[in-house]
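Residue-level listing of the chains:
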Amino acid sequence: MAELSNQLMAAAVLAYLFAMVAYAGEYAFGKRSRVGRAAVRPVEAKQLVGAGGPVAAVPPVPDDVPVPPVKRGRGELIGMIAVGINVLAVLLHLGGLVTRGVAADRMPWGNMYEYILSTTFIASAVWIGVVLARPAVRHLGLFASLALVVMLGAATMIAYTPVGPLVPALNSYWFIIHVSTIIIGSGIFLIGAVPAVMFLIRNGYEEGKRKFPYTLGKHVPAAVTLERLTFRLHAFAFPLFTFGALIAGPIWAEASWGRYWGWDPKEVWAFISWVVYAGYLHARATPSVKRTVATWIALLGFLTMLMNLFGVNLFFEGLHSYANAG
Amino acid sequence: MTVVEERPAPPASPPPRRTNRVWALLRNSWRQLTSMRTALVLLFLLAVAAIPGSVFPQRSVNAERVTRYYQEHPDLAPVLERLGGFEVYASPWFASIYLLLFTSLIGCVVPRLIDHVRALRMAPPDAPKRMERLPQHAEDLARTGAPAEVAAGLAADLRRRRFRTKVREREDGVWTVSAEKGFLKETGNLLFHFSLLAVLIGVGFGHWYGWHANRLLVGGADQGFCNTLTQYDDSTLGPRVHAADLPIFCLELSDFDATFQSTGQPKTFMATVQVTQDNGPAETRKFTVNDPLRLDDANVYLLGHGYAPILKFTDRHGVSQTKVVPFLPIDGMQTSEGVAQFPDANIDPKTDKRDPALQVGFEGRYLPTSPTDGSATSAFPAENNPMLYLTAYRGDLGLDVGTPGSVYSLDQGQIASGELKNVSGTRPHALKLGDTWTLDDGTKLEFVGTREFATLSIRHDPAQGLLLVGAVLGLLGLMLSLAGHRRRVWFRVRPQADLPGSPPAGGGSVVTAGGLPRTDYPGFPEEFKALVKAAEEGKP
Ligand code: HEM
Numbered sequence: 001m002a003e004l005s006n007q008l009m010a011a012a013v014l015a016y017l018f019a020m021v022a023y024a025g026e027y028a029f030g031k032r033s034r035v036g037r038a039a040v041r042p043v044e045a046k047q048l049v050g051a052g053g054p055v056a057a058v059p060p061v062p063d064d065v066p067v068p069p070v071k072r073g074r075g076e077l078i079g080m081i082a083v084g085i086n087v088l089a090v091l092l093h094l095g096g097l098v099t100r101g102v103a104a105d106r107m108p109w110g111n112m113y114e115y116i117l118s119t120t121f122i123a124s125a126v127w128i129g130v131v132l133a134r135p136a137v138r139h140l141g142l143f144a145s146l147a148l149v150v151m152l153g154a155a156t157m158i159a160y161t162p163v164g165p166l167v168p169a170l171n172s173y174w175f176i177i178h179v180s181t182i183i184i185g186s187g188i189f190l191i192g193a194v195p196a197v198m199f200l201i202r203n204g205y206e207e208g209k210r211k212f213p214y215t216l217g218k219h220v221p222a223a224v225t226l227e228r229l230t231f232r233l234h235a236f237a238f239p240l241f242t243f244g245a246l247i248a249g250p251i252w253a254e255a256s257w258g259r260y261w262g263w264d265p266k267e268v269w270a271f272i273s274w275v276v277y278a279g280y281l282h283a284r285a286t287p288s289v290k291r292t293v294a295t296w297i298a299l300l301g302f303l304t305m306l307m308n309l310f311g312v313n314l315f316f317e318g319l320h321s322y323a324n325a326g
Numbered sequence: 001m002t003v004v005e006e007r008p009a010p011p012a013s014p015p016p017r018r019t020n021r022v023w024a025l026l027r028n029s030w031r032q033l034t035s036m037r038t039a040l041v042l043l044f045l046l047a048v049a050a051i052p053g054s055v056f057p058q059r060s061v062n063a064e065r066v067t068r069y070y071q072e073h074p075d076l077a078p079v080l081e082r083l084g085g086f087e088v089y090a091s092p093w094f095a096s097i098y099l100l101l102f103t104s105l106i107g108c109v110v111p112r113l114i115d116h117v118r119a120l121r122m123a124p125p126d127a128p129k130r131m132e133r134l135p136q137h138a139e140d141l142a143r144t145g146a147p148a149e150v151a152a153g154l155a156a157d158l159r160r161r162r163f164r165t166k167v168r169e170r171e172d173g174v175w176t177v178s179a180e181k182g183f184l185k186e187t188g189n190l191l192f193h194f195s196l197l198a199v200l201i202g203v204g205f206g207h208w209y210g211w212h213a214n215r216l217l218v219g220g221a222d223q224g225f226c227n228t229l230t231q232y233d234d235s236t237l238g239p240r241v242h243a244a245d246l247p248i249f250c251l252e253l254s255d256f257d258a259t260f261q262s263t264g265q266p267k268t269f270m271a272t273v274q275v276t277q278d279n280g281p282a283e284t285r286k287f288t289v290n291d292p293l294r295l296d297d298a299n300v301y302l303l304g305h306g307y308a309p310i311l312k313f314t315d316r317h318g319v320s321q322t323k324v325v326p327f328l329p330i331d332g333m334q335t336s337e338g339v340a341q342f343p344d345a346n347i348d349p350k351t352d353k354r355d356p357a358l359q360v361g362f363e364g365r366y367l368p369t370s371p372t373d374g375s376a377t378s379a380f381p382a383e384n385n386p387m388l389y390l391t392a393y394r395g396d397l398g399l400d401v402g403t404p405g406s407v408y409s410l411d412q413g414q415i416a417s418g419e420l421k422n423v424s425g426t427r428p429h430a431l432k433l434g435d436t437w438t439l440d441d442g443t444k445l446e447f448v449g450t451r452e453f454a455t456l457s458i459r460h461d462p463a464q465g466l467l468l469v470g471a472v473l474g475l476l477g478l479m480l481s482l483a484g485h486r487r488r489v490w491f492r493v494r495p496q497a498d499l500p501g502s503p504p505a506g507g508g509s510v511v512t513a514g515g516l517p518r519t520d521y522p523g524f525p526e527e528f529k530a531l532v533k534a535a536e537e538g539k540p
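Taken in sequence, the protein lines are chains C and R. In terms of UniProt numbering, the first sequence has 215 at position 215, counting the first letter as 1, and numbering is strictly consecutive. In terms of UniProt numbering, the second sequence has 168 at position 168, counting the first letter as 1, and numbering is strictly consecutive.
Derived by calculation from the structure, the hints in this document are not laboratory data. Computed from a predicted model, the values in this text were never measured in an experiment. Note that the Cβ used here is the ideal one computed from N, Cα and C, for glycine as well. Honestly, I wouldn't trust all of these hints.
Stated by the list, open to error - In silico negatives: residues of chain C with every beta carbon more than 10 Å from chain R:
id, residue
1, 17
2, 28
3, 87
4, 91
5, 94
6, 143
7, 150
8, 209
9, 210
10, 275
11, 278
12, 314
As the list claims (entries may be wrong) - Only part of the chain C face toward chain R is listed, based on derived beta-carbon distances under 7 Å:
id, residue
13, 172
14, 235
15, 263
16, 272
17, 279
18, 283
Use the sequences and the hints to build the structure in full.
This is the structure:
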């Protein structure tokens with residue numbers, strides 16, 4: 001079973017790679033696709049903005065604004081294929097996680113390797129949810145799958161841990177609640193960085209910049225759309241992360257270690273991430289702070305999440321035994 | 001984007017009297033401090049200030065690692081010490097950042113609370129003159145019925161949609177309906193920020209009025225202890241707690257049960273204790289790693305376990321004494337190290353004279369499962385093949401000097417000075433369970449058996465309940481705040497006769513509508529459209 005899990009994960013990484021190539025293909029043909037055009041047409045952009053929450057809460061995009069019938073270009077077709085491969089990758093990823101859990105006979109988040117697999121799975125699943133709800137953001141798929149390939153690759157190379165049982169301290173339902181909410185929250189934060197980066201690029205493009213990173217902004221949705229998507233994802237993840245890291249975590253720590261908060265490195269970095277993301281929400285709510293500045297703060301939050309995911313486990317020793325990098 | 005409340009512009013400042021510079025400076029600083037930008041900067045500083053605490057070892061987390069750091073970086077460590085680098089979260093600079101932040105928070109949310117309460121009690125403001133300037137508006141919706149009646153119907157519909165409404169009659173037969181919704185957003189936001197304050201106060205309160213202590217408790221009725229400071233290996237009382245305030249209870253470990261995976265990873269720990277509280281009757285309680293023993297005013301947490309060999313020493317005069325000495329585990333397989341000291345050995349029962357040169361001590365290792373290859377580390381954490389490896393020392397143990405040494409190792413100074421001599425050779429002597437070892441002078445040491453011990457942390461934090469309530473309310477407020485949208489809608493209803501060129505009034509009305517989202521709300525145009533549609537059709 002553990003072997004199967006490893007094979008499924010390898011297949012998932014491959015599938016993400018293929019999806020990435022396909023997205024890149026669409027990117028190349030993007031000029032002709034409906035998505036590409038929709039992205040730059042202000043009417044549609046506004047309409048896309050009209051949608052609500054990030055995941056389940058997304059109401060269907062209203063379709064009363066007529067979309068002129070277009071012949072599906074090659075780009076469009078490649079785009080659909082890319083999404084298809086991406087869905088396949090997510091399923092393989094899920095399969096890898098489930099078999100891992102079955103092999104260990106517990107939830108698949110007992111060590112750093114599994115934790116990263118779970119977090120990236122959430123990121124990936126949320127991404128697919130967003131794409132299916134709003135095809136216009138499909139062009140971000142290239143960057144989303146790139147991020148996933150990099151993180152999964154890093155997980156396999158530096159954090160791989162053979163299947164093993166949990167230490168007694170992890171044997172608690174608060175552990176499940178704590179870790180699952182953090183994983184979901186972090187997953188959404190992680191994928192939120194994709195529209196954040198693209199917003200900064202697109203914004204530069206719209207301001208007339210035509211040098212390298214900004215040219216990437218040519219075919220992606222309008223800056224306002226990206227910025228709003230960024231905010232939606234972060235605003236959705238923030239309470240989840242707050243609950244997981246700052247309520248469920250301390251409850252479990254109290255029962256297990258006798259103190260609800262002890263400034264263990266993992267706790268320190270969760271606190272830092274939380275404060276930085278609170279800063280992002282503040283900055284976004286302050287009219288005198290530019291949206292680009294606010295978005296940079298969100299990206300800073302992303303870096304602190306990476307630190308928590310990889311760095312803390314590698315550089316510091318702490319009580320969080322699942323943080324041991326194999 | 002969230003448009004922060006447009007507060008009414010401050011009234012034009014009164015003509016400058018004698019300007020009080022100090023007062024002006026104070027007022028300006030306060031305004032600066034309570035601005036959102038300052039809050040942002042302080043949040044950022046707080047995040048940065050927290051970093052060193054994960055880079056350098058923290059005394060409150062792991063004091064041994066601080067000691068190690070001192071050995072590894074003898075030059076840097078004292079400097080760090082002075083900067084508070086080993087106590088980051090208790091350092092003055094960390095405290096000053098969060099205290100400033102919370103001052104800013106108070107200065108920010110108290111006025112907002114006042115404003116909000118006022119807004120809650122005020123009727124929604126009247127419709128603006130020119131609806132077409134609003135982000136959303138609709139013109140000339142025809143309705144049957146007189147304006148008063150139509151306005152009442154619209155208001156009822158809006159109320160059903162949980163808007164707060166106010167119907168007003170204007171001078172020329174025109175009626176207006178004002179409606180506002182989404183107050184929960186600001187309510188939630190305030191709840192969230194006040195909860196942050198509650199949490200900070202709770203943390204401070206717990207620090208002042210809480211206490212904690214650690215104890216290694218060996219199994220057996222003779223090894224129990226009662227809750228007094230002298231019984232603890234180490235303890236910390238909050239500044240407001242006195243030793244006499246500690247709750248009265250006694251604990252004794254009657255059973256300890258550990259199970260392991262075949263790899264040696266621990267699977268479960270379960271401690272069974274006899275507890276008496278307030279000198280009441282003894283009761284049997286069980287607790288485990290994730291499920292502490294909750295007493296009236298203290299919780300007992302199970303942190304770890306280990307073994308305490310029972311050693312019987314018979315001296316030159318045939319006097320024997322038995323000790324239960326906990327050995328501390330040094331690896332996951334419970335290879336443990338410890339000492340047994342017999343300062344009262346070899347006292348001549350006739351003269352009662354103690355010869356310090358004849359004290360006896362043993363130092364060595366205990367392996368719960370001695371591997372078949374005879375190596376000196378345990379192969380499994382349970383007691384499958386117990387083995388003691390000991391070295392015997394005779395001489396002055398150095399216990400009378402008054403400097404309290406470790407109870408887990410012999411005084412190295414005494415050994416170095418030759419006051420305490422190795423009398424058993426360089427190779428430690430191996431003892432199986434039940435073995436007796438006869439030393440060079442005929443004295444005997446018997447390995448009688450072992451008991452288990454549990455390492456316990458005993459804690460009391462009176463603010464934990466407050467913290468939990470604060471955190472949960474804060475989360476609730478946060479969700480309300482992030483999910484809510486504040487918006488206003490107005491309808492102006494004129495008698496139809498107003499319309500130039502329209503047929504004589506058949507009692508009909510004409511409705512104009514306008515909408516203003518007061519916070520960033522992408523769904524507002526749709527909502528407004530639905531409201532207008534309902535208004536047009538005259539039914540909810
Ligand atoms: C103690 C540290 C603080 C933390 C962790 C914090 C956290 C947050 C968070 C997460 C939000 C976003 C949720 C929401 O939109 O309601 C928020 C909103 C807000 N905070 Fe804070 N805050 C802090 C201090 C402050 C201070 C000092 C001020 C005033 C200067 C302030 C003023 C505001 C305002 C006005 C909003 C509302 C933004 C909006 O309208 O959406 N906060 N805060």
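These are the hints, each one checked on the structure:
no., hint, result
1, 17, "34 Å, holds"
2, 28, "31 Å, holds"
3, 87, "27 Å, holds"
4, 91, "31 Å, holds"
5, 94, "27 Å, holds"
6, 143, "23 Å, holds"
7, 150, "24 Å, holds"
8, 209, "23 Å, holds"
9, 210, "28 Å, holds"
10, 275, "4 Å, violated"
11, 278, "6 Å, violated"
12, 314, "12 Å, holds"
13, 172, "4 Å, holds"
14, 235, "5 Å, holds"
15, 263, "5 Å, holds"
16, 272, "5 Å, holds"
17, 279, "4 Å, holds"
18, 283, "6 Å, holds"
In summary, the structure is inconsistent with hints 10 and 11 from the numbered list given earlier, while agreeing with the others.
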